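Trainee: First to last, the sequence lines map onto chains A, B, C and D.
Position 380 of the first sequence, counted from 1, bears residue number 379 in numbering that gives the first Met the number 0, the numbering being contiguous throughout.
Position 414 of the second sequence, counted from 1, bears residue number 413 in numbering that gives the first Met the number 0, the numbering being contiguous throughout.
Position 31 of the third sequence, counted from 1, bears residue number 30 in numbering that gives the first Met the number 0, the numbering being contiguous throughout.
Position 132 of the fourth sequence, counted from 1, bears residue number 131 in numbering that gives the first Met the number 0, the numbering being contiguous throughout.
Since the hints were made in silico from the structure, they are not lab data.
Model, not experiment: these values are computed from the prediction.
Backbone N, C-alpha and C define an ideal beta-carbon position, used for all residues, glycine too.
Careful, some of the hints might be misleading.
Computed, partial: chain D to chain B, Cβ under 7 Å [what the hints assert, rightly or not]:
#1 V17
#2 V42
#3 V45
#4 V46
#5 Y497
#6 T569
#7 G582
#8 G586
Reference listing, derived: stretches of chain C covered by chain A, where coverage requires no fewer than 3 residues with Cβ under 8 Å from a Cβ of chain A [claimed, not checked]:
#9 1-14
#10 18-29
#11 49-59
#12 77-84
#13 88-96
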Amino acid sequence: MSATAVHGLWTTMGGVTSAAPGDRFAAPTIEYAQLAPVLIVLGAAVLGVLAEAFVPRRGRYYTQVFLTVVALAAAFAAVVALAAGGYGTTKARIAAMGAIAVDGPALFLQGTILLVSMVAVFTFAERRLDPEAHGNRVDSFVAQAGAVPGSDGEKAAVRAGFTTTEVFPLVLFAIAGMLVFPAANDLLTLFIALEVFSLPLYLLCAVARRKRLMSQEAAVKYFLLGAFSSAFLLFGIALLYGYAGSVSYATIANVVNGSVQGIDPALADTMGNDALLLIGGAMIVTGLLFKVGAVPFHMWTPDVYQGAPTPVTGFMAAATKVAAFGALLRLLYVVLPGLAWDWRPVMWAVAVVTMLGGAIVAITQTDIKRLLAYSSIAHAGFILAGVIATTPEGISSVLFYLVAYSFVTVGAFAVVTLVRDAGGEATHLSKWAGLGRRSPLVAAVFAVFLLAFAGIPLTSGFTGKFAVFKAAAEGGAAGLVVVGVISSAIAAFFYIRVIVLMFFSEPKADGPTVAVPSPLTMTTIAVGVAVTLVLGLAPQYFLDLASQAGVFVR
Amino acid sequence: MSFPLLTATAALPAIGAIATAAVPAARRTAAKWLALLFSLATLVLAGLVFVRFEPGGDRYQLTESHAWIAEFGVRYELGVDGIGVALLALTALLIPFVILAGWHDADPLETKSSRWRPTQGFFALILMVEAMVILSFEATDVFLFYILFEAMLIPMYFLIGGFGDRAHSGSDENAAAQRSYAAVKFLLYNLAGGLIMLAAVIGLYVVAGSFSLAEIAEARANGSLEMATGTERWLFLGFFFAFAIKAPLWPLHTWLPNAMGEATAPVAVLITAIVDKVGTFAMLRFCLQLFPEASKWATPVIIVLALISIVYGALLAVGQRDIKRLIAYASISHFGFIVLGIFAMTSQGQSGATLYMVNHGISTAALMLVAGFLITRRGSRLIADYGGVQKVAPVLAGTFLIGGLATLSLPGLAPFVSEFLVLVGTFSVYPAAGVIATSGIVLAALYVLVLYQRTMTGPVKAEVRGMPDLRVRELAVALPLIAVLIGLGVYPKPLTEVVNPAVKHTMQDVQKQDPQPEVEAAK
Amino acid sequence: MNPVNYLYLAALLFTIGASGVLVRRNAIVVFMCVELMLNACNLALVTFSRMHGNLDGQIVAFFTMVVAAAEVVVGLAIIVSLFRSRHSASVDDASLMKL
Amino acid sequence: MENLIALLVAAPLLGAAVLLCGGRRLDRAGHWIGTLLAAASFVVGVVLFSAMLGYEAEARTMRQHLFSWIPVEGFQADIAFQLDQLSMTFVLLITGVGTLIHIYSIGYMEHDERRRRFFGYLNLFLAAMLLLVIADNYLLLYVGWEGVGLASYLLIGFWQHKPSAATAAKKAFLVNRVGDMGLSVAIMLMFTTFGTFAFGPVLSATGETSEGKLTAIGLMLLLAACGKSAQVPLQSWLGDAMEGPTPVSALIHAATMVTAGVYLIVRSGAIFDAAPDAQLAVVVVGAVTLLFGAIVGCAKDDIKKALAGSTMSQIGYMILAAGLGPIGYVFAIMHLVTHGFFKAGLFLGAGSVMHGMNDEVDMRKYGGLRKYMPVTFVTFGLGYLAIIGFPGLSGFFSKDKIIEAAFAKGGTEGWILGSVALLGAGITAFYMTRVMLMTFFGEKRWQPDAEGREPHPHESPKSMTIPMIVLAFGSVFAGGFFAIGDRFTHWLEPVTRYDHGHAPVSAATVTGATMVVLLAGAALAWAMYGRRPIPVVAPRGSLLTRAARRDLLQDDFNHVVLVRGGEHLTRSLVYVDHSLVDGVVNGTAASFGGLSGRLRKLQNGYARTYAVSMFGGTAVLIAATLLMRAV
């Protein structure tokens, strides 16, 4: 039984039967069908763990890839089925005894996460980029995570053809957490989902095949800072619970609105105490802003993005952001709309420093992965501008932006995996000089992604940016739009710089080569380009979808 | 449903671009011919638009309207007025010459890997720019226009940065650095302007709830849409800023000399004769039409900026040592005239400005392309490296001189008509401005004649000796352009006929009337 | 005793933990400080649960403990592997990536 | 008949087009085509003239409307012609002298490999000049006005390999452009005042606007005239323009183009009549230039430059006359025509001398040429007599009338102007006698040139002498033909109006005084140059002489103030553009780069620092949220 289901059981019992504990046991109702996407992925993850234990080493890779892909596809099918069944709109509801929402934003984001994860997993499974080691094809992951880098043990593991196929179950667990995260409808579920997707990610960061020291360093930093931020989030939960006497979103929202009065007047000093509410709310938001990489909670991003194995970086950059923004949206729109006057100015400021900070610091970056990290920070700022709109258009614009952004990101990092030299991926920008001459196609594709990041019209990046800015302007945040376009202009500078480097610089003699990938990575990149262009040229269908999905169930 | 002529006119070069890009690496010449063919076919379609357009008819004709992004209130709406028709014709007319003039500009210097296809890319990009520019002249939806306004920067950027002028002083590496500096400057400058405009576009939507030019104009006319003065001014500034960069207007001009200097001559023509026209065109169509009050409010400042552009551009042209930069600064001066004509807000000024856009396109193309032929021969852009060319290549010198004379607006050539209209139109409302602008004609003579004297006359320099005269291909570029310059100089009526009604509409938009002459008023 | 005092204690513990994270260099100690922060949260939750008279807070506290345990598993694994590679558990030594 | 008017322009224009586009094929026949088409234009002119004579004096104006040129809302510019007596006079002068000079050029340019192009340019000039005088509105006139400027530019710089020629051509065009600016502004003023710039409506409506407006228009027209007619302060280009082939100097820079300014002022007489201040400016410019040109002409050793100074001075007379109003218009034009004959003749003579002297222009290296070039000597001598106003010859009639008219202006003004004109006549006699003596009398002074070629002075071929002879006839008889019975006055009166004025002194007195100064001038010249041998190297001379050799320092002023100043200005602007305007842009980019570099350092790689950032961020967030509530 999944953690969420268990938890739903307990909270419900606590809430309903607190007067007379244990005198009767009401079986909780769990809407398995509506939770199917999560359950499928979790189930597959558990199967994956079993496979690690029981499937012979040779077959593990294929088993795991097959299992993962099938699970994700099935989960996506379930999401589509639910959406088609009207759960995104008319039949939106709160399932699992109040723990999980099944509504438009949740299904939309779950679908996005699943699709993005699917293409990201393709890059996990890529085994043609690195030269074969002792006759064995290898992927981006270390042969044996426990072996000390450079030690004899590691060499032996490589020779034996070990591979870390555990990454597949890990990524499935992470995906499951991410699926729950934006759907979480009480604070406990929020916290658990956060940990469920964070912990596997910490591990995934540590298992890079090349540059292992950096990979481990990234993992440590991510883990320590992640745990630190979780603590803040949890303390915020505690305070909010103290304020409202419940962890359920609906109840807290009601208390915030003042529609529910304190149960016990004697406890009025905590119940409905606004200081608790404000501090608690701020701390929870802090935890979420950490995950989306907003300034000043962003500093882990460049280091972790750089150190983590590139497929993981792509997955993390895309999917985490989707999940975290989903959760942030739900928290701000469902739990704290009554506090909009308090949090809007603060978020406004965060959005401004995030947009400007990300864009400015990116100018002087010299590593492509760090550059993309700062770019992701700037984009977090843009998305925050949409969040601040506090209108239905704000929700749908953020939803759309997340789709656009996540596919571009996965695609861009997939391209990064292709450019390699003797030391693995050649991520230093100077090595990218003249790439356009050597491999026009790869460079052109990357240029398309960069242009999309820069928000040039006819790419998805522009449509998304337009959507959030429009929502922000309609929501009365015109100043934010101006800051947004200014930082877009600054941001354009470094995207253009990379294009200049690729196309207008002479190739270096000892430059990197572009590896020819298997159809897996090709698919990832192709999907990225396709989504980028389709959302740029004919975004109407997806905008409609986002707009229909833009209503939270309460 | 009738045949979507406007879409076809824009789609044809786009298809051509894809087709050209797809030509195999080895078949370079085929790619060139294919590109030329598509550009000529586009010219035919543009001619059809010109013919089908009825000067006395509706304001926007040959309209098309399709749903596109309903979520943003965006429609795929096309339509042309006289101004659009004129500029569309200009674009379609010039591109074949640009292609022809750049015939060898993108031949690979040495054999690179088989996947590297610069020639195909060069011509495909030119056609891509053509498609976008044409569509932007046709767009009657603000959003559609904006998208094209921004998107056309990308192919231009690659054209400037990827296919630089091979004639340069200093090392190859230095030249590459200069070139990419120019390209990046071009892109960032224009992108910055475009992004500011994006904020204004969004603001416009928030205020007006629509992107359709017709809808907004109607709503403003019948009073259902009222903009607060402050809002209108901010939005106007957002739009104008972008257009002033594109145009370019002093002090936002510094990207142009770099870009034109580093790009090949045909690409420089593409920049200044075609793409920049989108900026001035948009001032007429969007600034005046959407924000008439704010336009009038900003007029004094804009007039001053335009005057500075005229005089400053001309003076800087005099001080240049590089042929192409000289022409670039001359263009800045000319754009000053165009802006002046637009914001004088008189019939003559606006008709003049529109004609000016067309004529400047043709005259600069003539001058720049011939200058390009010259530069290719000698391999240097520095004026000081030439001398006495007239003696060895008289036809080249002759065509260059005619291009120069057109640039200095010699009567009898097309630019004179437009320049005089602009001056008269300005003078009748702002006499002082008219007089200052008139001083531009002296300065124009100065920079053109100094350029001609230093390059073409005097003793024949050793490096110039043996320089071949214009070849057939080059004559095919220069002569038709000169013919058009003379033709439109003597008989501009076909153009004024289509432009006049559009100007009348614009004058109604801004609710301005031409000042009455003193004596007639007395009568 | 007024349960509010437990809240003050929780806040104090949380601050101590946070300060520890900021000033200590040893990764293990830093991690322990994080655990301290989590436990501060637990204390707060339980206190509030008591004040509100419902069990929600206590249940959350249970979950937190489980999560903390899971975190230890993951965290120690990562920190140990780092230690083995570098023979140092100092978070300051792990600064290959910067700027 | 009226439909023929366009042919006047069309014929030479066709010639220009054919010759310039025809390519080398036409090299052998080019000069004939050019001459033929010039002659054709002359024939058309004569035909139109005879037709005109058939009409009533008041109804002689012929019109032809070709098409609407620039039809724009509220603005109407037509390609339309108007041929009245004034225009007719010019048409005949231009085509007549023009054809003669075409013929002359056949011989003169015989050895030039680019002769075809030369004739093309000449034809282009004719077309533009004719357009200038037959246009029916100021804008079309402006086309011709700039057209002749272009032709002049091309012809002055015809020998482009000589840097001095190229520079002179550029200078001529530029100075002219300054004048053109005046014409532009004048046209714009007319448009705002009258709503049109066609001659008829504008000139008939001068009474309906203020004098201030008209003065402004008049001054702007004067500026234009100064540029085209080389009047002070825009005279500096004419001397340099002598770099062009001599036929060009004769046709463009003596007989026709430079007189366009006079045409413009006479044509716009109605405007000037209504604006006395503008008129005053005109006479002042005329009087100053008259003396200026004459003084410069005295000091030059270059035969063509001496004649150029003379031209300037003579046009000064015309401008002076034109500025007198109806008293002087007719005489301005009359002098213009006679001057066209004798000055063209003098230039052709000078060309003939140069032709025989290996293109030597320094008169100090001539001497005693009358024996070698009898025809040239005689025709040149007749021109000489005509220009100094020898009684009975052309110049006598026309110049005398102008001096009379100047006195007739009345008042102090009249006295001053009359005296200046009189003084000018004396100086004219001096410098022309000087030219005559230095060239044709005295000992031969020529020497082998740098390459050791000794000049062999010889008479020029027939193609050159015949035009000279024809022009000499004109120099001798035209004045008398015009003046006797006031024929010319009656001819032009319907267009320009005529007014006797009130002369304070009798015509006979004026004539007598003129004779006295004339003789004095000639005698002085003989005393200085006839009695003594002329040094081959010019003596240092007085301050005035040295100044006059340098065009009275006006060029130096231009050089220091305009050229140097302009260079400094452009150079500093280039600096400003690069460092300031572009500097701001680059500086903005650089400052973002710098900011980025500094912010980047915060990312120091220590996880603890990151934690501090998060902790601080949270604290700020909480504080801000609480603060929001508190406020």
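Trainee: Quick check on V17 (chain D) please, does its C-beta sit within 7 Å of some C-beta on chain B?
Mentor: Given a least distance of 15 Å, the restraint on V17 (chain D) is violated.
Trainee: Against chain B, is Y497 (chain D) within 7 Å by beta-carbon distance?
Mentor: Because about 27 Å separates Y497 (chain D) from the closest Cβ in chain B, which is outside the 7 Å limit, the hint is violated.
Trainee: Three residues minimum, CB to CB under 8 Å: does the region 49-59 of chain C make the cut for coverage by chain A? Let me know.
Mentor: holds (count 10)
Trainee: Checking C-beta pairs, does the region 1-14 of chain C have three or more residues closer than 8 Å to chain A?
Mentor: Held - the region 1-14 of chain C has 4 residues with a Cβ nearer than 8 Å to chain A, which meets the minimum of three.
Trainee: If you take the shortest Cβ to Cβ gap from T569 (chain D) to chain B, is it below 7 Å?
Mentor: Holds, about 3 Å.
Trainee: Under 8 Å between beta-carbons, do enough residues of the region 88-96 of chain C, three at least, approach chain A for the coverage claim to hold?
Mentor: Holds, because 5 residues of the region 88-96 of chain C bring their Cβ atoms closer than 8 Å to Cβ atoms of chain A.
Trainee: With 7 Å as the cut and Cβ atoms as the points, is G586 (chain D) at the interface with chain B?
Mentor: 12 Å, violated
Trainee: Interface hint check: V46 (chain D), Cβ to nearest Cβ on chain B, cutoff 7 Å. Holds or violated?
Mentor: Hint violated; V46 (chain D) Cβ to chain B Cβ min 26 Å, cut 7 Å.
Trainee: State whether the coverage of the region 77-84 of chain C by chain A holds or is violated, taking the criterion as 3 or more residues with Cβ-Cβ distances under 8 Å.
Mentor: holds (count 6)
Trainee: Have a go at the V45 (chain D) hint: is there a Cβ in chain B nearer than 7 Å to its own Cβ?
Mentor: Since chain B brings no Cβ nearer than about 27 Å to V45 (chain D), farther than 7 Å, the hint is violated.
Trainee: Grab the minimum C-beta distance from G582 (chain D) to chain B and call the hint holds if it beats 7 Å, violated otherwise.
Mentor: Where the cut-off is 7 Å and the nearest Cβ of chain B is about 9 Å from G582 (chain D), the hint is violated.
Trainee: Please count how many residues of the region 18-29 of chain C have a CB within 8 Å of a CB from chain A and say whether that reaches 3.
Mentor: holds (count 3)
The structure shown violates the earlier hints numbered 1, 2, 3, 4, 5, 7, 8.
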